[in-house]
Amino acid sequence: MDFINQYLLTILILVPVIGTAAIIAHQVFWKDESHLKWLTLGVTVITFLLSLLLLGSAQASANGFYFEQNTPWIEAIGTNYHIGVDGLSLWLVLLTTFIMPIAVISTWHAIEKRPLAFYAFMLLLESAMIGVFVSLDLLVFYLFFEASLVPMFFLIGIWGGKQRIYAAVKFFIYTALGSLLMLVAIIALYYLHLQATGIGTFDYVTLLGSLTAGKLTFAGSSAYVGTLLFLAFALAFSIKVPVFPFHTWLPDAHTEAPTAGSVILAAILLKMGTYGMMRFNFTLFPEASRELAWVFIILAIIGITYGALVAMVQPDVKRLVAYSSVAHMGFVVLGMFSFTEQGMQGALYTMLAHGVTTGALFLLVGFIYERRHTREISEYGGLSSVMPIYSTVFVITAMASVGLPFLNGFVGEFLIMLGMWSSTILPGSWNQIATMAAGTGVIFAAVYLLWMIQRVFFGKVTNEKNKSLRDLDLREIGLMAPLLFLMVFMGVYPKPILDSSKPSVVAIQQIVNGETRGGTITELNTEGTDQQ
Amino acid sequence: MNFFLAELADPNVSIPLVLPEMLLAVTGIIVMLYDSLRPGRRRVTGTISMIGLILSALALFSLWSSPNPELSGFGGMIVADSLRMSFTAVFLLVAALTILISTVWVENEKVHAGEYHTLLLFATVGMMFMASGNDLVIIFLGLETLSIATYVMAGMRRRDLRSNESAMKYFILGSYASGFLLYGMALVYGATGTTNITEMAQRIGDAQFPALLLVGAAMLVIGFGFKVATVPFHVWTPDVYEGAPSPVTGFMAAGPKAAGFASFLRVFVLGFPLLAGVQASAFLHDSWVTALTVMAILTMTVGNVAAIVQNNVKRMLAYSSIAHAGYALVGFVGAGVAKTTSGRDDAIAAVAFYMLTYAVTNLGAFAIVTLVARKNDRRTDFEDYNGIGFRSPVLAFSLSLFMLSLLGLPLTAGFIGKVLVFRPALEAGSTLMVTLVVIAVINTAISAYYYLRLIVVMFFRERSEEWVEPRMPTALAAVLVLTIIGVFYFGIAGNNVIEMFSNYPVDVQMR
Amino acid sequence: MEPGLGSYLALSGILFSIGAVGVIYKRNAIGMFMCIELMLNAVNLSFVAFSRHYGDVTGQLFVFVVMSVAAAEAAVGLGIIITFFRNRLSVDVDDASILKN
Amino acid sequence: MEFESVVQTVFPFAVIAVAIFLAFNGVLMIVAYTVLAERKVLGWIQGRIGPNRVGPWGVLQPFADLLKFIFKEDLVPDKSTKFIYYLAPLVALTAALMPIIVYPFGPSIKADLSEWLPYGLGETFSHIPLVIADLDVGILYVLAITSVGVYGIALAGWSSNSKYSLMGGLRSSAQMISYELAMGASVIGVVLLSGTLSLTGIIDAQIHSPWWSKWFIVPQFVGFMVFLIAAFAETNRVPFDLPEAETELVAGFHTEYSALKFALFFMAEYVNMFTVSVMCVTLFLGGWYIPGLDWLARQTDLVWLFGAGTVGYAVVSHVGFLLKIFAFLFLYIWIRGTLPRFRFDQLMNFGWKFLLPVALANVILTVIVVFFWHR
Amino acid sequence: MVSVLFFILAGLAIACAVSCVYHKNPLYSAVSLIGVFISLACIYLTLAAPFIAIVQILVYAGAIMVLVVFVIMLLNLDEDKPLTRLRYLFPIGGVLGLVLLAQTLFIFYAVTKTPHTSSEQGNVVGQSMSIGRAMYTEYLLPVEIVGILLLMAIVGAMIMSRRMGEPNLEAVEGSREGGD
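Protein chains in written order, with our numbering: chain A, -7 to 524; chain B, 1201 to 1711; chain C, 162 to 262; chain D, 1180 to 1554; chain E, 623 to 802.
Take these hints with a grain of salt, some might be off.
[What the hints assert, rightly or not] Cut-off 35 Å, straight-line C-alpha distance, at most; resulting in silico cross-link-like pairs (DSBU-like, lysine-lysine):
hint	chain 1	residue 1	chain 2	residue 2
1	A	29	A	105
2	B	1539	A	23
3	A	494	A	154
4	A	29	A	452
5	A	105	A	457
6	A	105	A	494
7	B	1575	A	105
8	A	105	A	154
9	D	1342	D	1219
10	A	207	B	1539
11	A	452	A	207
12	D	1342	D	1261
13	D	1342	E	735
14	A	162	A	105
15	B	1310	D	1251
16	E	646	D	1261
17	B	1310	B	1539
18	D	1532	D	1393
[Unchecked claim] Just the calculated beta-carbon pair ranges, DEER-fashion:
hint	chain 1	residue 1	chain 2	residue 2	range
19	E	626	D	1295	28 to 38 Å
20	B	1685	A	14	42 to 52 Å
21	D	1298	E	626	20 to 30 Å
22	E	738	D	1533	51 to 61 Å
23	D	1386	B	1216	44 to 54 Å
24	D	1543	B	1216	47 to 57 Å
25	B	1575	E	637	49 to 59 Å
26	B	1247	A	14	32 to 42 Å
27	A	23	B	1671	20 to 30 Å
Derived by calculation from the structure, the hints in this document are not laboratory data.
Where is the CB? At the ideal position from N, CA and C, for every residue including glycine.
So that you can see chain A by itself, here it is in the shape it has in the complex (with noise of 0.2 Å):
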């Protein structure tokens, strides 16, 4: 037990790069497509089970981090790989590895056509994802924020719809261009740490430090040179997440995708963007971040109004999901600049609670595109009486995503919004105004997604060939109801993942508000442990 706790994060990386191994083995020596499923199936079972240890006992470093390890990884570069969990990252971990089982029980039918390297590709995703949230290294973390473009671009291009080359190579350069810039900060990162201190390094744990105890500052006259790397930063995240206008890439992606794909992405690929941000942004640089706040406030604001605007005009259901999710990435990236304990713990809880619904929004969208070979919602209508079950999951989780009270959606995005009103960093009362303009993109959101359930579920069944479809099976039954559990457990129940996640996220929100100057972000992590 002991070596798994000490190498649990490692293990969990290399869970699925051994599973594809062993898949492409099987295929290899067996020739046998239909047992990869279960293989794939097995294998992402074990990595959510391993990550469930996470929630168990373990002893934090010096630094505030579990399970940490560090060991040098290319010298010549000055690159370590440092990786370890808090409370920030271990969530999004767990979301990713809870996911993973579900997106591929989603595929059980509908990959036909070469299931080898999709489930491949699935596994290495789910690698590269768990990379992403627990590197400590910067260079380490662009590695895997890479790494996870190259499966996904495949997952798009391969299985995707009709316009999927399209999408994958606007994925891939949107993403890769963002995430490029980035690595010329990490770089100048590296030398400023250099010339400071005397040390080249990599490590975001070492470079927090020497910035938090003013032996790197950008103050002054490197002022510019500070809000410069941040924007780079968040360029790369923006691009992610996606906010406003770096948008474009997401429709195309989300909707030529397949359905485990579109799950996938929406699900935890663009919380990388909004981790990456509160994770890196806000303590590297936290006077760019508060002096840009208003930018990307009002960014947010535009995100939320126009993807609820345009979702409200989309002819296609998975397209409209698409771009609900640019709305609530939006009250993410809003709750994330205010800056305050409550917008941030919202955007955290936000992101877990989007995690899960739009991915189970996809999968009902999937589930409904198998049988009928079309998305656009003027094919169905009156659906509630031929499939009643699936209408019966379908509006709850749309309620979900609206922001229901007592459903997951409600907790985070009321966060936002109380963190936001009584943030202090617009001046006077637009902070209040802010609010109030993302508080009408919930009204928005309520608007497109029930007119869409009234246009497809209620009625009369108009379409001859919606009059035999068949409802839900059981394998779809089981695929959503943990994901509807967990709707109305973090509906009714947040405490666990706001309490836990809480020291972090305070850690971050004192950072940034410039509130531990001359302290260390040692003390702070070991005063959140103690909390706990």
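Here the structure of chain A is known, so what remains is to put chains B, C, D and E in place on it, guided by the hints.
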């Protein structure tokens, strides 16, 4: 009788210093003789060549690891520093891989293998001299040896008009460039009165005609720029690369380019350094750094943008090689602006490592291009790769891997290479350098488009015509295994190599 | 009275310019090749002038090397041109356009 | 400027100019009579009489020929490339004549002319070398100029716009290029032995050689043979006169040439013969050097007349020199009268696959011997 | 005296060079080029470099240009066709020429403005003995490399000019309309 036999009997010779080059040259001659006695035995000549390369590599490593090395010999014409060692290792690797890749081609085209191997070995000798020469004479000779061999290699498919044309264009433009290079050398010699690079660097301060130094440096930039294919001296590259036989193209992109960089680096970074308190050197240094920065920016941008619109894979790879020359130039400029000797040496090692990663990746890609192209290099368009992804998964996934490495995705060799070459420029920290790196990065993103295109074509499109998977000969399989391992090894565990490249603690300047 | 170093260099430069421009204006490969030889000769003149100026044999040795190289280049280059001609019956560079430029 | 310095500057040039004039005319006279001799000798060999109408025994025949060439109608082919067509014969003859300036015709004469020549010119002419220019790189000079001679033929062949000329020109240039290599290689042995590239230096080296190798033909017999054969090819003489093979190519490169232009080619050919003979003699047969002459003079108390450095010595040596050359010229004619012609591929094969390897082997052998000899 | 000689030879060289570029007939160009080479050889003599002067004639005029003339004759080249394509090369060439000429002026100006005295040594380094000594002692390595280079060039030339069969017609038809 007025002889000077006493001097002749004891000339200024240090054999161990040129042992790698010598062994390879002797191998070349053996191959040539064997081929003239028993023509057409490609396996034998290939084996002899490989043995020669391995022996040469052994000699190199013994030189590299010798405890108290001889630092220079032949009156300072040959040096043993990290620049020479690391680049020579790259050349040997390139030559060995090229021989393996060529087996298919040699068989298909009924080329005289012995002669081909001879030329390849001599070309490698030329490249090695370009890296080891610390004198303009040696560099020029090495360059010409290399060039002449490559002209012929480019035109070896003599019945094919594309190959003819490639050879002719390469010959004309290559010699044209040599002319400029030579003029530069003459002027630099005229300015300082020496052709030895170490002495040259020392004499910059009291050069008799400092003005000539500037003009000479400009001419040298043109000449070397041609050889490493930087914009605006790149015009020959696409045509030549497209027309030359695929294995030769791979070789040209990997070997001669690296060799060009080796000499280019030596002449500029070590030959025209920034000397404290010497105004002439400051002006010269500033000028060439600025010129190369501009050239790097142009090279990357033009290479990448032009690559996007290509419909031929070899042509695309040609433009990609131009772009990569641009990235390597970033490291070059970084070496130029390095503030410390160790920083400079690290930057040089970075460029060497970059060329190593590029060579491995590129040769891997060309191995597959050769295989797919079939006889006469017929199938080299993007269309010919349509939908072969799952029909020949090994080929397609390897090629995708190479494309991703060229793109510089993490975990591949290309990533570490890029990080290494961008670093020194960022270290300098000036606005110009940061701009340069940012442009390089944006270019990387642009390059994603055409690298991905090949993957898109292979995996995402359907094949309309029939596709017969080409038979994979053992030698080519070996190349693929080696290059794939190389791509991952350098990408994940390249630390040893990088340290080896930068850790030969010999500093020509400070001797 | 002897002409100074400058005059020799000027002559060398002028010849080099003529050669360099000639390569661009010439339309056939052999003409281009000849202009390149002209350039090399111009450079040789510079080398010899400098060699004389510094009283250093290096320059003349360089010239010797350049001449050897030029001979080697000529042998190979003319071989290439002949091959090209045999296949195409023209050495006009404008005809060399299978590879699009 | 003072008169004195003007004289000091101009007078040596004048002397050289006169010397050149004399040498050229001498050579041309020899050439003219070689032509006559050729016709006579060939006549005898073939049982004919040869020219005997103009002057006694046909002595004035060359001048008659010259007149004929001058007054003949000059035909220029219609589509020929005029400039080059006119240039070619000039190039051929110039290239043939130019080596004359480095020939050592005889030993240098010690003379005390200070009474005769004012302004210190006597000092300048205290040694009168019987060579116009004692170049440091004499052998290379001769080889270089000879190689330029190819142009005359090649250009003539090309510019005539006639396929016979073209073929003849091509063949001839190919042949000359091929055999130049063997020729150059065969000379290296001599250069190695003497350690200099200067022709006078080589003669000097032969003078100072041990008694058994007073002429380099002894240690360098192989080189001599190769040189001789290559010389025949270089001058396009039988049995290597393929470029002018009447049966195949009419008259080869000069098919379209007539009158004076033809005469120039004609002269060039014979001057070339003379040149290679001189080279042969200088390199392998001691040049003007007659072994034992100086020794004989000392033994017989005739040092004042025939000792080294005297005019008598020079005259005797020069005569010996001429005799050696005539012997070679006779050899040319003799061989022309007796041997048939090669086929073109035979000729090329012979040059590349036999003569060149032999010459190279000779060089390597000489290098080894010289190296160990001096150890 | 030498100065006058130099200017005559320089004028000749430049005139021949211009004519080499100007003439459309390759053989005229070749002949002009030979003129340049010979003028340069004479100029080398004025620079006290007799060895280089002779080698210049031997190698350039006697070997390389013979080869060129030979090839021109063998291929029986016609005059250049007038420019049809690539007209943009004219301005490029013009600009390049101007830049190079400006550079030449700059060099001339820089060298003549800088006070300098030529080394006394300059008059003897050109002797064949001095060059020979350098070649086999100090510069042994370059000379050896030249050997390798020439060997390789022989192999290369042999490969390129060996007898061969018909050209690959597929490539001709595939990418070219009409014949010559």
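Here is what the structure says about each hint:
A hinted pair counts as satisfied when its Cα atoms are at most 35 Å apart, and residue 29 of chain A with residue 105 of chain A qualifies at roughly 13 Å. Between residue 1539 of chain B and residue 23 of chain A, the direct Cα distance comes to roughly 59 Å. Violation of the 35 Å bound is thereby established for this hinted pair. A distance of roughly 44 Å separates the Cα atoms of residue 494 of chain A and residue 154 of chain A; the hinted pair therefore is violated under the 35 Å criterion. At roughly 38 Å between alpha-carbon atoms, residue 29 of chain A and residue 452 of chain A are farther apart than 35 Å, so this suggested pair is violated.
Annotation: proposed proximity of residue 105 of chain A to residue 457 of chain A holds, straight-line Cα distance about 26 Å (limit 35 Å). A C-alpha spacing of about 45 Å is found between residue 105 of chain A and residue 494 of chain A, which places the hinted pair above 35 Å, so the restraint is violated. Taken as a hint, the residue 1575 of chain B and residue 105 of chain A pair is honoured in the structure, with Cα atoms around 32 Å apart against an allowance of 35 Å. For the given pair, residue 105 of chain A sits about 15 Å from residue 154 of chain A by alpha-carbon distance, which is consistent with the 35 Å threshold.
Of the pairs offered as hints, the one joining residue 1342 of chain D and residue 1219 of chain D holds, with about 33 Å between alpha carbons and a cut-off of 35 Å not exceeded. Note on residue 207 of chain A and residue 1539 of chain B: the hinted pairing holds, with a Cα-Cα distance of about 23 Å set against a maximum of 35 Å. Proposed proximity of residue 452 of chain A and residue 207 of chain A is contradicted: the alpha carbons are some 69 Å apart, above 35 Å. Of the pairs offered as hints, the one joining residue 1342 of chain D and residue 1261 of chain D holds, with about 17 Å between alpha carbons and a cut-off of 35 Å not exceeded.
Pair hint residue 1342 of chain D plus residue 735 of chain E does not hold up; C-alpha atoms about 57 Å apart against a cutoff of 35 Å. In summary, the hint linking residue 162 of chain A to residue 105 of chain A is supported, as the alpha carbons are separated by about 23 Å, within the 35 Å threshold. With a C-alpha separation of about 60 Å, the suggested pairing of residue 1310 of chain B with residue 1251 of chain D is violated against the 35 Å cut-off. A threshold of 35 Å between alpha carbons decides the hint, and for residue 646 of chain E with residue 1261 of chain D the separation of about 15 Å falls inside it, so the pair holds.
Taking the CA atoms of residue 1310 of chain B and residue 1539 of chain B, the gap is about 53 Å. The hint is violated against a cut of 35 Å. About 31 Å separates the Cα atoms of residue 1532 of chain D and residue 1393 of chain D, which keeps this hinted pair within 35 Å; it holds. Separated by about 31 Å at the C-beta atoms, residue 626 of chain E and residue 1295 of chain D satisfy the suggested range of 28 to 38 Å. In this structure the supplied range 42 to 52 Å is violated for residue 1685 of chain B paired with residue 14 of chain A, their Cβ-Cβ distance being about 21 Å.
The beta-carbon spacing between residue 1298 of chain D and residue 626 of chain E, approximately 23 Å, falls within the hinted interval of 20 to 30 Å. A hinted range of 51 to 61 Å for the beta carbons of residue 738 of chain E and residue 1533 of chain D is consistent with their spacing of about 55 Å. The hint said 44 to 54 Å for the Cβ distance between residue 1386 of chain D and residue 1216 of chain B, and at roughly 46 Å that hint holds. Distance hint for residue 1543 of chain D and residue 1216 of chain B: a CB-CB separation of about 27 Å, inconsistent with the stated range 47 to 57 Å.
Checked against the hint of 49 to 59 Å, the pair residue 1575 of chain B and residue 637 of chain E passes, with Cβ atoms roughly 52 Å apart. Evaluation of the 32 to 42 Å hint for residue 1247 of chain B and residue 14 of chain A yields a pass: the beta carbon distance comes to about 39 Å. Checked against the hint of 20 to 30 Å, the pair residue 23 of chain A and residue 1671 of chain B passes, with Cβ atoms roughly 21 Å apart.
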